[in-house]
Each structure stands twice: as C-alpha cells, then as structure tokens.
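Following the hints, position chains Y and E against chain W.
Chain residues, written in single-letter form:
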Amino acid sequence: MIDFITLCDYTGTFAFAISGIRLASAKQFDWFGAYVVGLVTAVGGGTIRDILLNSTPFWMEHISYLVVSGLALLFVIIFRKYVIRITNTVFIFDAIGLGLFVVVGIAKTLDYGFPMWVAIVMGTITGSFGGMIRDILINEIPLLFRKDIYALACVLGGIVYIVCLHFSVSLPMTQFIAALSVFVTRVLAVRYHISVPVLKGEE
Amino acid sequence: MIDFITLCDYTGTFAFAISGIRLASAKQFDWFGAYVVGLVTAVGGGTIRDILLNSTPFWMEHISYLVVSGLALLFVIIFRKYVIRITNTVFIFDAIGLGLFVVVGIAKTLDYGFPMWVAIVMGTITGSFGGMIRDILINEIPLLFRKDIYALACVLGGIVYIVCLHFSVSLPMTQFIAALSVFVTRVLAVRYHISVPVLKGEE
Amino acid sequence: MIDFITLCDYTGTFAFAISGIRLASAKQFDWFGAYVVGLVTAVGGGTIRDILLNSTPFWMEHISYLVVSGLALLFVIIFRKYVIRITNTVFIFDAIGLGLFVVVGIAKTLDYGFPMWVAIVMGTITGSFGGMIRDILINEIPLLFRKDIYALACVLGGIVYIVCLHFSVSLPMTQFIAALSVFVTRVLAVRYHISVPVLKGEE
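As they're listed, the protein sequences go chains W, Y and E. Sequential numbering from 2 applies to the first sequence in the working numbering. Sequential numbering from 2 applies to the second sequence in the working numbering. Sequential numbering from 2 applies to the third sequence in the working numbering.
Next up, chain W with everything else stripped away, as it sits in the complex (with noise of 0.2 Å):
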C-alpha cells in the first residue's frame, strides 16, 4: 500500500505543482517565481496539516517534492503549447492527487491519535489549502471558496473514510474508497457543474 500511495504522492505533487505554476504564468511570474508557487502548491496543505500536528513538514525529510516540482516546471515550459489541450488529463491527475492528499492527511492525523473530527479537518487541509495559498500569492479570491465541489469532496471522503473504519473495513481498502470517492465526487462535480449554493449576502 505504501508504494502504491508514493506513486499516487508523486502524480499528485505533479499535477498540483502544474496547476500552481499554470496560474502563475498567467501573472507574469518569472521562473523561480512559478517554481516557488508551484512547489507551495504542492506541499503546502500538508505542510500546514504537519504545523497543526507538530510534526516535521514531510517534503523536509525528502528532496523528492523539490523535484518532481522542478520536473513540473520543465513540462509546462517545454510543453507549454500543448498544454491546454491535455487540460482534461491535468485534471485527472490533480482529482486522483486531491483524493490521495486527504487521505494521507487523515491516517497522519489518526496515528498522532487525534480524534475522527480532527482528522477530516487535517484532510481537508490537505487537500485545499495548497490551492488557497496559491491564490492568495497569485492575489486571485481563493478558488476553492467558490467553485465546484472542491473542499467538500475533501469533507466527504473523510467521512467516507470514518463511516468505512466505523464498519471494520480493511485500512487499504478504506484508504482506496476514500481516495475513490474524493475522485468521483470532483470528476462528477466538474462534468456536471454541481455546486454549492452560493451564500446571498445582504448587500
């Protein structure tokens, strides 16, 4: 489980780190700049999970998160023209990376015996807070707050995850139909435009 989960942590580092350094191309970042941003994607809801756990940031006990944001860097700069058209597959590989993070996220929580609802918490972190610091370093209104089921696919596969435990599945299987369900929920939430009502303010 734990090689299958590496290979799933590197596509996701991959795919988030493209997506960081996508938006700040947009911006007119200059290379380390889009590095930078899209490393942060990558790493930084884990980091900040690990912050809230005290727990040493994972991507400082391995160079790996450096430079599979690095290889993503190259990619968007040599295949910069063709990369809108492989948009569909980024995706894939961000919603297969999100459904990972989060349940990276909850196990972290859950052996630093942490509660269930704390848990869910750390896995939503996980997943979304990369991306919300991104947009707040490209000085766009955080993306997740606004758009399709993002963060709340990250809510319900932790329940998913609990609910799972709750019954006496197995903790791969757990992990795989946690995973699973945050994919489904985002790829169904993107194909069909399903989301969350917005909040009417009263101005």
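Please note that the accuracy of each hint is not assured.
Unchecked claim - With beta-carbon atoms standing in for the labels, derived distance ranges:
id, chain 1, residue 1, chain 2, residue 2, range
1, Y, Ile64, W, Ser196, 25 to 31 Å
2, W, Ser196, Y, Leu172, 47 to 53 Å
3, E, Thr7, W, Gln29, 38 to 44 Å
To be verified - With a Cα cut of at most 20 Å, we get these calculated EDC-like pairs of lysine to aspartate or glutamate:
id, chain 1, residue 1, chain 2, residue 2
4, W, Lys28, E, Glu141
5, Y, Lys28, W, Asp149
6, E, Lys109, W, Asp95
Think of the hints as simulated: they come from the structure by calculation, not from any bench. Backbone N, C-alpha and C fix where the C-beta goes; we use that ideal spot for every residue, glycine too.
Chains Y and E alone, transformed into the frame defined by chain W:
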C-alpha cells in the same frame, strides 16, 4: 472564572465567525467557503498564537469551535434580512469576544513562561490576526491596519493586564479589567470615530 | 563572529522594516498598521523558518526586533521627505540584511541536524518570505516572484555556503563569503537589471 471565560469565548467565536461569513457572502462565496472563512476568522488568531507557542491549536481539542461557527452560518442564512439591523448587536458581541480573546492569549502565554511583552504581542495576535486572515482570504487589504482602533485596543488591554498584575490585583479581577478596557476602547473608538493617524507616504 | 552577526542582523531588520513601512504608507495604513507590516516584513521569514524547524521564533527571545522595527517607524515618520533620496542607502542596508538573514537561516537549520538542501531552502525562506508576507498584507502580487534576482540570490548564497563547507573553508569565512555572494548578486542584479526570464503563459 473558567466557566465565565468559556461563555465569553463562545460568544466571541460566534461574533467573529459572523463577521467572516458576512464579508464572504458579500464576495459571492458558496456556503462551504463562507463557513471556512467564518471559522478561520474565529480561530485564526488563536491558532497562530498556539503555533508560535508550540502548543496544540486550541480548536483541535474541542469540536465546539467548529460547531459554533456552523451555528453562525445557520444564523446568517436564516436571519439574512435582519442581519444588517442587528449589526450593532453583533458589534457588541464582537467587542466582548475581542476582550476575551486578548485575555486568553495573554494568560496562555504567561502560563508557558514567556515574559510580559511576549504576552502582550500574543494577546494582540489572538485578538486581531483572525480578522487579518479573513481579509486576506477575501482579497482585501486588512481592515485592522486602516480603520478605528482595533489591534491597538488589544495592545492597550495587554498593558492594563500587566499593570494590574504588577500592582498585585487578583487574577480574575485583572482579567476582567483588561477585557473590559479592550471592550470600552473598541466601543469608544467606533462611537467617536477615533483612529490612529494615517502614515503619510512619500508618494 | 556572533557580535558581527548581531550588528548585521539589526541593520537588516531595520532595512526590512523600512521597506514594509514605506509600502504600507503608500497604501494609507495608519501608524500602528505600518508598524505591524514593518515588523512582519523584518521577522516574517525567520518566523516561518523557526516554525518549520519546530523552534521558538527568534523574536520571542529578545525584544530587540520589536524595538528596531519601532525605530524604523520613527525614522520614516521623521525623515519622510528625505526617505526617497536615501533609497539607495536603504537598498544597500537591505542587501546586507538579506545576505545575513540567509546565512543565519542556513546555520540554524544545519544546527538542527537537517541536510544541506533543507538548509538552502530555509536560508531562502528566511531571506525572502518576510517580503512575500508584506506584499500579501498590502494586497499586491509578491514582488519577489516577478522582479530582479531576489529569492534566487538567496539560493545562490546557500549553494556557495555548502560548497565552501565542502572544501573545508572555516565557518566564519564560509558565512562571510556566502553573505557577500548574496549581497553582490543583489547589487549586480539591480544595477544591471538582470532578471530571471518570465514564464510565458499559454493565455
């Protein structure tokens, strides 16, 4: 004293969450996004304080802060049309919450063995950084830097706290006077439009 | 070496705080808000480093950083009309501070037992994330991602540091050379308008 503090804590959390949810709704956030902004407004300052103190963030130990923020969302949804009319009431709750947040931040920092001036800084961070993060998330220049006496009221409350301790006032009385001075400063500043002078730039 | 480092540390803190206060004043912040932005610019990078290293933030151990930032505010208020004319002087202080911040960040990270590449990242964060937070607070796209060689100068300084250690250069000499290389890179980049190429987006 603990019970009275808990009550004020929930009141403040509720009022802070409402301020986040209302500003988020003015920016067309969806329900879930508005909830996240409300929650972050309510717990953001204390979370930064706890990270700096190397303590487990307070909201990870009781689910009540998530619940109270959820109630604030329900409140805004249900009483949408009346929220403007009760703005003054919400302001009073907000000022009560601010006073308490400052006191809680100071007390916790002193418990951790830090000197008085660190406690004043932490009280100010507890009271004002939630609103700062809220303004970053909705992509506005943080209000606390430009309007009324807000963060400065926290600093004043911190100084009152330290002075009271210095003159051997009992701890509950010290905390009450400090919270009250934050509250009164806020109310007077808003009532009489008292502001810190703007720093005129060279441009 | 410690004393020389302390001196440069205060010089850098002063220059960083001035950059924050000046940008805040251009956005009509009040005095207290400008002070907060100046302080955060000066200590923000090191604070993020210390949180990631799970160390007590350095400014919580000596009140001097708060005092130096206060002096920077006084300086800007008093010499408002002359601050533009001394922009070049402030730039030199800023570059000196940058060099030192990078070296301090690297040394502390190696002390904590992390590998070289983590130290380079931490040196870069120490030097550049204060300015990044400053730009987020004044609601601008972080300058470091778009202009001149800034964060990259930190990375270069980190590489020089590691190379010197590899060739058994003494620690004080290593730190001096690394800080100098950051300083020289910054001065040359600004003097000759050397930039990292912009990443052309597909849009």
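Task: Hints the structure fails to honour - done: 6
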